[in-house]
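S.K.: So the chains spell out like this:
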Amino acid sequence: MKDREKRSFTMAELEEMGTPTVDLVQQAIDAGELEKAKKLARRMFREFSSLHDFWVSEVTTLLSYIYRHNGDEAVFKAVSECLEELSNAADAYRSQDSGRQAQMLAAGLRAHLTPVVVEEDAEKFTVMMSPCSSGGKLISNKKYETSKNLAKIKKPQRITFGRGDFPIYCANCAMENIVPMEKTGYPIWISDVAEKLGETPCKLHIYKDPDKIPAKYYERFGLKKPAPKSTK
Amino acid sequence: MPDKKNRFFTKSELKQMGVETVDRIQQAVDAGKQEETKKLVRRMYREAFFLHENYRDWITSLLSYIYRHNGDKAVYEALHDAFEQLSIIMDTYRSVDAGRQAEMLAAGFRGHLTSVVVEEDDDKFTVMMPLCGSAGRSIANKGYGKPTNFARIKNPQKLTFGKHDFPIFCAHCAMEEIIAMEKTGYPVWVIDIPETMGAGPCKYHIYKDPEKIPIKYYRRYGFKKPALKKRK
Chain A
23 MKDREKRSFT
33 MAELEEMGTP
43 TVDLVQQAID
53 AGELEKAKKL
63 ARRMFREFSS
73 LHDFWVSEVT
83 TLLSYIYRHN
93 GDEAVFKAVS
103 ECLEELSNAA
113 DAYRSQDSGR
123 QAQMLAAGLR
133 AHLTPVVVEE
143 DAEKFTVMMS
153 PCSSGGKLIS
163 NKKYETSKNL
173 AKIKKPQRIT
183 FGRGDFPIYC
193 ANCAMENIVP
203 MEKTGYPIWI
213 SDVAEKLGET
223 PCKLHIYKDP
233 DKIPAKYYER
243 FGLKKPAPKS
253 TK
Chain B
5 MPDKKNRFFT
15 KSELKQMGVE
25 TVDRIQQAVD
35 AGKQEETKKL
45 VRRMYREAFF
55 LHENYRDWIT
65 SLLSYIYRHN
75 GDKAVYEALH
85 DAFEQLSIIM
95 DTYRSVDAGR
105 QAEMLAAGFR
115 GHLTSVVVEE
125 DDDKFTVMMP
135 LCGSAGRSIA
145 NKGYGKPTNF
155 ARIKNPQKLT
165 FGKHDFPIFC
175 AHCAMEEIIA
185 MEKTGYPVWV
195 IDIPETMGAG
205 PCKYHIYKDP
215 EKIPIKYYRR
225 YGFKKPALKK
235 RK
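Here the protein sequences come in this chain order: A and B. Sequential numbering from 23 applies to the first sequence in our numbering. Sequential numbering from 5 applies to the second sequence in our numbering.
The following block holds chain A by itself, in its conformation from the complex:
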């Protein structure tokens, strides 16, 4: 029953509308309403998914604005400022063994609300979004073709992994490699960009022994592989 005339909702309905979905799911589980809990968990997914996609698009539009008005160097500087905090993340990663680092990276990628594939061989972990639901989704949804506001970086350079006509959002992946290397000498992870962006996944590798990271991953950014250090 509504409390007053001209009202669409009761006070209880309004209150429930404002309760964080994470709390509603917990309440439903405690009450043994399991189907309701499943439905609410999917709602929580959708709520964040909408914002995620909007913000990915907003980031890309703002980067595109900077590129068009201020050029290549400005994009490098702006993305670098955005990802400065990664040098702190590098410390957090390095305080853990590489297995835990792979778990942390997988958790970070799962936050993009897409399936993640994790592989392990004797030397390294490889973690990838399949499909990529940030930069990759923009490409597969043809946003760079249909929106006049989204740019591709024309000239090959460090933040394009040396490629031309590079989707500007994806520049952050190069910067994620560059910032920790410049600040701490080593990357946290290294990225192998997909041959066809948006069609196949980019691969992020975490080496169990950082000394075994191939020199090419430094050289492509104009950096020199540091002298080996003992990991023991």
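In case anyone wonders, no lab produced these hints; they're calculated from the structure. Where is the CB? At the ideal position from N, CA and C, for every residue including glycine. Take the hints with a grain of salt, since some may be wrong.
[Stated by the list, open to error] Pair ranges (Cβ atoms, derived):
| id | chain 1 | residue 1 | chain 2 | residue 2 | range |
| --- | --- | --- | --- | --- | --- |
| 1 | B | Asp125 | A | Glu217 | 25 to 31 Å |
| 2 | A | His91 | B | Thr188 | 24 to 30 Å |
| 3 | A | Met33 | B | Arg223 | 32 to 38 Å |
| 4 | A | Ser162 | B | Lys150 | 37 to 43 Å |
| 5 | A | Glu55 | B | Arg223 | 45 to 51 Å |
| 6 | B | Lys158 | A | Pro137 | 44 to 50 Å |
| 7 | A | Lys58 | B | Asn145 | 30 to 36 Å |
| 8 | B | Glu17 | A | Ser162 | 39 to 45 Å |
| 9 | A | Glu55 | B | Ser16 | 29 to 35 Å |
| 10 | B | Ala203 | A | Thr32 | 27 to 33 Å |
| 11 | B | Glu186 | A | Pro137 | 26 to 32 Å |
| 12 | A | Ala111 | B | Gln31 | 28 to 34 Å |
| 13 | B | Asn159 | A | Glu217 | 18 to 24 Å |
[Stated by the list, open to error] The calculated lysine to aspartate or glutamate pairs, modelled on DMTMM-like cross-linking and capped at a C-alpha distance of 25 Å, are:
| id | chain 1 | residue 1 | chain 2 | residue 2 |
| --- | --- | --- | --- | --- |
| 14 | A | Lys165 | B | Asp95 |
| 15 | A | Lys177 | B | Asp85 |
| 16 | B | Lys15 | A | Asp231 |
| 17 | B | Lys8 | A | Glu38 |
| 18 | B | Lys128 | A | Glu38 |
| 19 | A | Lys170 | B | Asp85 |
| 20 | B | Lys9 | A | Glu141 |
[What the hints assert, rightly or not] Computed footprint of chain B on chain A; a stretch qualifies when at least three of its residues, placed anywhere within it, have a C-beta under 8 Å from a C-beta of chain B:
| id | stretch |
| --- | --- |
| 21 | 117-129 |
| 22 | 203-210 |
| 23 | 215-228 |
| 24 | 242-248 |
Following the hints, complete the assembly by docking chain B onto the known chain A.
M.R.: For chain B alone, coordinates are given in the frame of chain A:
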């Protein structure tokens, strides 16, 4: 136990690491694992929260860059580009009644992973985040102080609701109103901001009858209140 030497994880553990948390929740519910389900729900919240804070800060950093290098007008243009995508969302809002619009707005706010308050009176719904999960949390976490130093817009203008030293991320709230008014003549919601940003919630009002939107909400942006058709 891992399958081979030099491995941290079994094949099954690697596979599990990549499964989306929302799917793990559904599986745990179906398996009747109540405590594991609750743990996974909290994990999904943490994953979303981590990325939410990163994207918000990324956007704030890019806007700060544009403001410092290109000035007031550029911030307006860049935000206008970024929020053009909102006009599609606004069309969806206008295709449903005001009660459903309030539910949609509350869902959007819940995407910021915070509590929401929804009120209703005879004329309108008011939806607000008591602790704003986007800019409000950034202000509370000293994002606009040292060392992060996100920009504040110095001069009063349309994007700052006429205020001085306005936290730059909050400028998008004004743009949400402006885009809707530009495209269709009237806003979907109108916003009352607090005296001091971050010190109280911004109040979003959805009028049941758009003709009852007070003229002051148009005038602050230099718009004229249109003659509207009576909604049935």
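S.K.: Are the hints correct? Go through all of them and say.
M.R.: How the hints compare with the structure:
At about 58 Å, the beta-carbon gap between B/Asp125 and A/Glu217 misses the expected band of 25 to 31 Å. Against the hinted window of 24 to 30 Å, the Cβ-Cβ separation of A/His91 and B/Thr188 comes to about 29 Å, which satisfies the hint. The beta-carbon spacing between A/Met33 and B/Arg223, approximately 34 Å, falls within the hinted interval of 32 to 38 Å. Remark: the range hint 37 to 43 Å for A/Ser162 to B/Lys150 is upheld by a beta-carbon distance near 41 Å.
A C-beta distance of roughly 49 Å is found between A/Glu55 and B/Arg223, which places it inside the suggested range of 45 to 51 Å. Distance hint check for B/Lys158 and A/Pro137: the Cβ-Cβ separation is about 46 Å, which falls inside the suggested range of 44 to 50 Å. Our hint of 30 to 36 Å for A/Lys58 and B/Asn145 holds, since their Cβ atoms are close to 34 Å apart. For the pair B/Glu17 and A/Ser162, the supplied restraint of 39 to 45 Å is violated, since their beta-carbon distance comes to about 29 Å.
For A/Glu55 and B/Ser16, the hinted distance range of 29 to 35 Å is satisfied, since their beta carbons lie about 31 Å from each other. For the pair B/Ala203 and A/Thr32, the beta carbons lie near 31 Å from each other, so the given range of 27 to 33 Å is met. Against the hinted window of 26 to 32 Å, the Cβ-Cβ separation of B/Glu186 and A/Pro137 comes to about 39 Å, which falls outside the hint. A hinted range of 28 to 34 Å holds for the C-beta pair A/Ala111 and B/Gln31, which are about 30 Å apart.
Taken as a hint, the range 18 to 24 Å is violated for the pair B/Asn159 and A/Glu217, whose Cβ atoms sit roughly 48 Å apart. Of the supplied pair hints, the one linking A/Lys165 and B/Asp95 holds, its CA atoms being roughly 20 Å apart against a limit of 25 Å. Restraint check for A/Lys177 and B/Asp85: satisfied, since their Cα atoms lie roughly 23 Å apart, inside the 25 Å limit. Between the alpha carbons of B/Lys15 and A/Asp231 the distance comes to roughly 21 Å, so the proposed pair stays at or under 25 Å and holds.
A threshold of 25 Å between alpha carbons decides the hint, and for B/Lys8 with A/Glu38 the separation of about 50 Å lies outside it, so the pair is violated. Under the criterion of a C-alpha separation no larger than 25 Å, the hint pairing B/Lys128 with A/Glu38 is consistent with the structure, at around 18 Å. Of the supplied pair hints, the one linking A/Lys170 and B/Asp85 holds, its CA atoms being roughly 9 Å apart against a limit of 25 Å. Taking the CA atoms of B/Lys9 and A/Glu141, the gap is near 15 Å; set against the 25 Å cutoff, the hint holds.
With a threshold of 8 Å between beta carbons, the proposed coverage of the stretch 117-129 of chain A by chain B holds, since 7 of its residues qualify and at least three are required. Residues of the stretch 203-210 of chain A with a Cβ under 8 Å from some Cβ of chain B number 0, which does not satisfy the need for three, so the listed coverage is violated. A stretch counts as covered by a chain when three or more of its residues have a beta carbon under 8 Å from one of that chain; for the stretch 215-228 of chain A and chain B the count is 0, and the coverage is violated. A stretch counts as covered by a chain when three or more of its residues have a beta carbon under 8 Å from one of that chain; for the stretch 242-248 of chain A and chain B the count is 0, and the coverage is violated.
Going through the hint list in order, the structure does not satisfy hints 1, 8, 11, 13, 17, 22, 23 and 24.
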